[in-house]
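There are 2 protein chains.
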Amino acid sequence: MTVKQLALPDLVAECVRLGVPGVGLWREPVRAYGVEAAAALVREAGLAVTTLCRGGFFTSDGWEEENRAAIDEAVTLGTDTLVLVSGGLTATCPDLPSARARITEAIAELAPYAGDRGVRLAIEPLHPMYASDRCAVSTLDQALEIAERFPADQVGVTVDTYHLWWDDRAPAAVARAGVAGRVHSFQLADWTTPLPEGVLNGRGQLGTGSIDLRAWSAMLDEAGYEGPVEVELFNDALWARDGVEVLEETLDRFLAV
Amino acid sequence: MTVKQLALPDLVAECVRLGVPGVGLWREPVRAYGVEAAAALVREAGLAVTTLCRGGFFTSDGWEEENRAAIDEAVTLGTDTLVLVSGGLTATCPDLPSARARITEAIAELAPYAGDRGVRLAIEPLHPMYASDRCAVSTLDQALEIAERFPADQVGVTVDTYHLWWDDRAPAAVARAGVAGRVHSFQLADWTTPLPEGVLNGRGQLGTGSIDLRAWSAMLDEAGYEGPVEVELFNDALWARDGVEVLEETLDRFLAV
Numbered sequence: 001m002t003v004k005q006l007a008l009p010d011l012v013a014e015c016v017r018l019g020v021p022g023v024g025l026w027r028e029p030v031r032a033y034g035v036e037a038a039a040a041l042v043r044e045a046g047l048a049v050t051t052l053c054r055g056g057f058f059t060s061d062g063w064e065e066e067n068r069a070a071i072d073e074a075v076t077l078g079t080d081t082l083v084l085v086s087g088g089l090t091a092t093c094p095d096l097p098s099a100r101a102r103i104t105e106a107i108a109e110l111a112p113y114a115g116d117r118g119v120r121l122a123i124e125p126l127h128p129m130y131a132s133d134r135c136a137v138s139t140l141d142q143a144l145e146i147a148e149r150f151p152a153d154q155v156g157v158t159v160d161t162y163h164l165w166w167d168d169r170a171p172a173a174v175a176r177a178g179v180a181g182r183v184h185s186f187q188l189a190d191w192t193t194p195l196p197e198g199v200l201n202g203r204g205q206l207g208t209g210s211i212d213l214r215a216w217s218a219m220l221d222e223a224g225y226e227g228p229v230e231v232e233l234f235n236d237a238l239w240a241r242d243g244v245e246v247l248e249e250t251l252d253r254f255l256a257v
Numbered sequence: 258m259t260v261k262q263l264a265l266p267d268l269v270a271e272c273v274r275l276g277v278p279g280v281g282l283w284r285e286p287v288r289a290y291g292v293e294a295a296a297a298l299v300r301e302a303g304l305a306v307t308t309l310c311r312g313g314f315f316t317s318d319g320w321e322e323e324n325r326a327a328i329d330e331a332v333t334l335g336t337d338t339l340v341l342v343s344g345g346l347t348a349t350c351p352d353l354p355s356a357r358a359r360i361t362e363a364i365a366e367l368a369p370y371a372g373d374r375g376v377r378l379a380i381e382p383l384h385p386m387y388a389s390d391r392c393a394v395s396t397l398d399q400a401l402e403i404a405e406r407f408p409a410d411q412v413g414v415t416v417d418t419y420h421l422w423w424d425d426r427a428p429a430a431v432a433r434a435g436v437a438g439r440v441h442s443f444q445l446a447d448w449t450t451p452l453p454e455g456v457l458n459g460r461g462q463l464g465t466g467s468i469d470l471r472a473w474s475a476m477l478d479e480a481g482y483e484g485p486v487e488v489e490l491f492n493d494a495l496w497a498r499d500g501v502e503v504l505e506e507t508l509d510r511f512l513a514v
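Top line first, the protein sequences correspond to chains A and B. The first sequence lines up with residues 1 to 257 when you count with my numbering. The second sequence lines up with residues 258 to 514 when you count with my numbering.
No lab work stands behind these hints: they were computed from the structure. Some hints could be false.
Claimed, not checked - Here are the computed distance ranges between Cβ atoms for each label pair: (1) A/Lys4 / B/Glu502: 43 to 49 Å; (2) A/Arg176 / B/Pro408: 33 to 39 Å; (3) B/Val436 / A/Ala69: 45 to 51 Å; (4) A/Ala69 / B/Pro354: 53 to 59 Å; (5) B/Gly455 / A/Ser60: 27 to 33 Å; (6) B/Gly319 / A/Val16: 37 to 43 Å; (7) A/Gly19 / B/Gly319: 48 to 54 Å; (8) B/Gly319 / A/Gly207: 39 to 45 Å; (9) A/Arg117 / B/Pro408: 56 to 62 Å; (10) A/Ala237 / B/Ala365: 40 to 46 Å.
We put the CB at the ideal spot given by N, CA and C, even for glycine.
The following block holds chain A by itself, in its conformation from the complex (with noise of 0.2 Å):
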């Protein structure tokens, strides 16, 4: 999504010619390729696909086909982690208390069949600024109180910087997520401001922003997290630009912080 200007065999070009190993896919790009074709070909370059994203929106109508079939795409890319934006308030879930309700009965629901599948939910905590409208699930504690019902192979956490950074429980709760073996995804992105209209897309590049990328990156080391790091900015700013040359310097930047 960094660099959804890309196409995906762009895409899997550049990170194959500068050496990045993995590479996290969403739903979208890889259905709009077809999703065994996409499989085959980061496969045949050798990539992993380290996320698939996202499953979720359990607040909303139809969550649980849609989720199944995220499942299922994750299983033909063979990426062992589907990341969760659990969903907002809606008619049927109009406040916080019903909707994390609703969305603690959804991975019940869907956690077996993940994991029979050999994938892990990785429940996201959005920051608190998307609680009403993306994901009532707004801290790590909070995700970790759900995951921590089913088996960690089951359902963990995903770890962003973005979503985190301003919560001093946050390093707590990193902690006790890697001991538990729950850090399914460690995502990074940086906060600038001023915010955009609508909030969405004015992650900041590694390095630019107000997060000390370091600190989260040692503190994930020392949690015991050995799995992939992935850079997700939505930003237009960078999505305005040529993506290789982006691609490029999210690169350097990811190396340098």
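On the provided structure of chain A, position chain B as indicated by the hints.
Here is chain B on its own, set in the frame of chain A:
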């Protein structure tokens, strides 16, 4: 600030006409009108000044002089409460731990000065989306952890629904603050999306958004809070309308929720 389009004499006259018993004032319009003159205006109308907004911004140079002036202005206005917006990241406080440490030190220096003058400092946790540029105190727990180092009649907290509604730990913190007599201000605003660019001026009119304001009101009642309830809406759309009409609408909404 909800009806900042009204000049101070008009605001005061309309509050009296509508039976609104008190008003929270902001420093800028008060200073523009003259602090002594504003104090006389409000006093002669029989209105209480519920709070003065705002002191704080402790991570910027000049905070000490600025905040002593704010305390003095509160005394002149006859309010017992100065709301603090504590400040974000700056060159001298470039990360959250240093900003939070500075905020604590600054409040330690100001608390006796305020207490000697009968003014209570009310630390306001701001929504985490303001952590970098306005306030490194993002949760009621954080605000309380600072406040609890001082006597309750010197330092407490501001509970603003807009900033805290998403936090599942806030209800316990409200109860804890209430028992200790540390809720020094209670402010209402609703949460509406999409957020505007800069995320400052999109606070929702009461009852138009995602927050269960009745539940918050009940929560403060249960915590033993008996002080004034303020409505604080920063909203470009409301500011563009006739101020008297907005004041009347806000009063209706207030009574309804």
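Going down the list of hints, with the structure as the test:
1. About 45 Å separates the C-beta atoms of A/Lys4 and B/Glu502, a value consistent with the hinted range of 43 to 49 Å.
2. Roughly 35 Å separates the CB atoms of A/Arg176 and B/Pro408, a value that falls within the hinted 33 to 39 Å.
3. In this structure, B/Val436 and A/Ala69 meet the distance hint of 45 to 51 Å, their C-beta atoms being roughly 50 Å apart.
4. Range check, A/Ala69 to B/Pro354: about 43 Å between beta-carbon atoms, so the 53 to 59 Å window is missed.
5. At roughly 29 Å, the beta carbons of B/Gly455 and A/Ser60 sit within the given window of 27 to 33 Å.
6. In this structure, B/Gly319 and A/Val16 break the distance hint of 37 to 43 Å, their C-beta atoms being roughly 54 Å apart.
7. In this structure the supplied range 48 to 54 Å holds for A/Gly19 paired with B/Gly319, their Cβ-Cβ distance being about 50 Å.
8. A C-beta distance of roughly 30 Å is found between B/Gly319 and A/Gly207, which places it outside the suggested range of 39 to 45 Å.
9. The given range of 56 to 62 Å is respected by A/Arg117 and B/Pro408, whose C-beta atoms sit roughly 59 Å from each other.
10. Evaluation of the 40 to 46 Å hint for A/Ala237 and B/Ala365 yields a pass: the beta carbon distance comes to about 42 Å.
The structure shown violates the earlier hints numbered 4, 6, 8.
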